[in-house]
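> Given next are the chains, with one letter for each unit.
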Amino acid sequence: KAGVTQTPRYLIKTRGQQVTLSCSPISGHRSVSWYQQTPGQGLQFLFEYFSETQRNKGNFPGRFSGRQFSNSRSEMNVSTLELGDSALYLCASSLKAGTQYFGPGTRLTVL
Amino acid sequence: SQQGEEDPQALSIQEGENATMNCSYKTSINNLQWYRQNSGRGLVHLILIRSNEREKHSGRLRVTLDTSKKSSSLLITASRAADTASYFCATDARGNNRLAFGKGNQVVVIP
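Just so you know, the protein sequences line up as chains H and S, in that order. All letters in the first sequence, in the order written, are residues 537 to 647 by the working numbering. All letters in the second sequence, in the order written, are residues 0 to 110 by the working numbering.
For reference, chain S alone in the conformation it holds in the complex (with noise of 0.2 Å):
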């Protein structure tokens, strides 16, 4: 099955660095998205990357995604105490709303 990963990173930054994630996944997909979560609350879609697109921005959000090696990335610009959350990448099937999701990167932003 489809599934994506994190690299099992937990960051620290300090208010008004960057923070970057990546993911990699092990199968063809038809769409990668990146979703927060704060305190064990639900998930809030941010970003969806499709398979022909290679980079994607969103306000402060870049994604890339390299189909080659099967791996996206995450880069959060200018962080702000309220960006600490864990962050989760999720791939699907095409046509499938099966979200395979990876363990997710706990990321924390110090004021």
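In isolation and in its complexed conformation, chain H is listed as follows (with noise of 0.2 Å):
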């Protein structure tokens, strides 16, 4: 099976603008998780998708945003972005509770 699938893979924003980031899960997941990864913070956990509802969500502010398709494709959306957005995006799917697969990574540099 192919693996979690991520676009892009580097994106440079300036501040204010909105990036949309998209994830491809493995073949028949249907739970889909989208983590941030910083330096300071480390790995946190944005929210989590299953069968196109929004299951889990962390400790983010309202700009954060995320869907998810029918066919268990996510994407996740930042508006009026900060300085502080930049990071790792990582996306990861799941059959169920437990392992998680994670994609590649989206960079993101907001300047």
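You can trust all of the hints, since none of them are fake.
Straight-line alpha carbon distances no greater than 25 Å define the calculated SDA-like cross-link-like pairs of lysine to any residue that follow:
{"#": "1", "chain 1": "S", "residue 1": "Lys-25", "chain 2": "H", "residue 2": "Asn-595"}
{"#": "2", "chain 1": "H", "residue 1": "Lys-537", "chain 2": "S", "residue 2": "Arg-40"}
{"#": "3", "chain 1": "S", "residue 1": "Lys-55", "chain 2": "S", "residue 2": "Ser-70"}
{"#": "4", "chain 1": "H", "residue 1": "Lys-632", "chain 2": "S", "residue 2": "Leu-45"}
{"#": "5", "chain 1": "H", "residue 1": "Lys-537", "chain 2": "S", "residue 2": "Leu-47"}
{"#": "6", "chain 1": "S", "residue 1": "Lys-102", "chain 2": "H", "residue 2": "Gln-573"}
{"#": "7", "chain 1": "S", "residue 1": "Lys-102", "chain 2": "H", "residue 2": "Pro-640"}
{"#": "8", "chain 1": "S", "residue 1": "Lys-102", "chain 2": "H", "residue 2": "Gly-594"}
{"#": "9", "chain 1": "S", "residue 1": "Lys-25", "chain 2": "H", "residue 2": "Thr-574"}
{"#": "10", "chain 1": "H", "residue 1": "Lys-632", "chain 2": "S", "residue 2": "Arg-61"}
{"#": "11", "chain 1": "H", "residue 1": "Lys-632", "chain 2": "S", "residue 2": "Thr-26"}
{"#": "12", "chain 1": "S", "residue 1": "Lys-102", "chain 2": "H", "residue 2": "Gln-542"}
{"#": "13", "chain 1": "S", "residue 1": "Lys-25", "chain 2": "H", "residue 2": "Gln-573"}
{"#": "14", "chain 1": "H", "residue 1": "Lys-549", "chain 2": "S", "residue 2": "Gly-39"}
{"#": "15", "chain 1": "S", "residue 1": "Lys-55", "chain 2": "H", "residue 2": "Ala-633"}
{"#": "16", "chain 1": "H", "residue 1": "Lys-537", "chain 2": "S", "residue 2": "Ser-57"}
{"#": "17", "chain 1": "H", "residue 1": "Lys-593", "chain 2": "S", "residue 2": "Gly-39"}
{"#": "18", "chain 1": "H", "residue 1": "Lys-537", "chain 2": "S", "residue 2": "His-44"}
{"#": "19", "chain 1": "S", "residue 1": "Lys-25", "chain 2": "S", "residue 2": "Asn-51"}
Worth flagging that the hints you see were computed from the coordinates, not collected in a lab.
Mind docking these for me? Both chains are given alone in their own frames, and the hints should help you get the complex.
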């Protein structure tokens, strides 16, 4: 099976802009989770989607949002970008609670 | 919230030696997992140990879990240069895909 794919791999934006990141899970996986990784805060959970519904949400401001489509592909959106949003954004899919399979990540740089 | 926390160790070892990392967490868990990350890329799942298990092996990996002390250890035997990476432990609540990661251990294996 193909692994989790994320697009784009690298992104450069300026403050105030918005960005959309995409994640395609492993075939058959209905759960998609998103994480932010920064040197200062480490890996932090953003949200999880299951069958097009947000099932869990982390402690991030409303500027961070996501959605999931009927084919389980997911997108996350960050509006009004801030310098502190520069991070590696990781997507993970899973068949059930437990092992998560991560994609290669999208490296977002905000200037 | 649950949180996995590794001892803040940066290990530098010779190829062939064993590497041990520790992790502690704060609340009751369902599973504890270990992941590896190479150079800011995606996370690779290594091993999952359930809360009712005490020890688990997978190839050169050995994981122990002590729920009374809320701690886990990861042992990599006969290390190789390719084991150079950051290692993270992650915990999750029952039936929950919301992983809480520790800060990670940087391991450097010198050929």
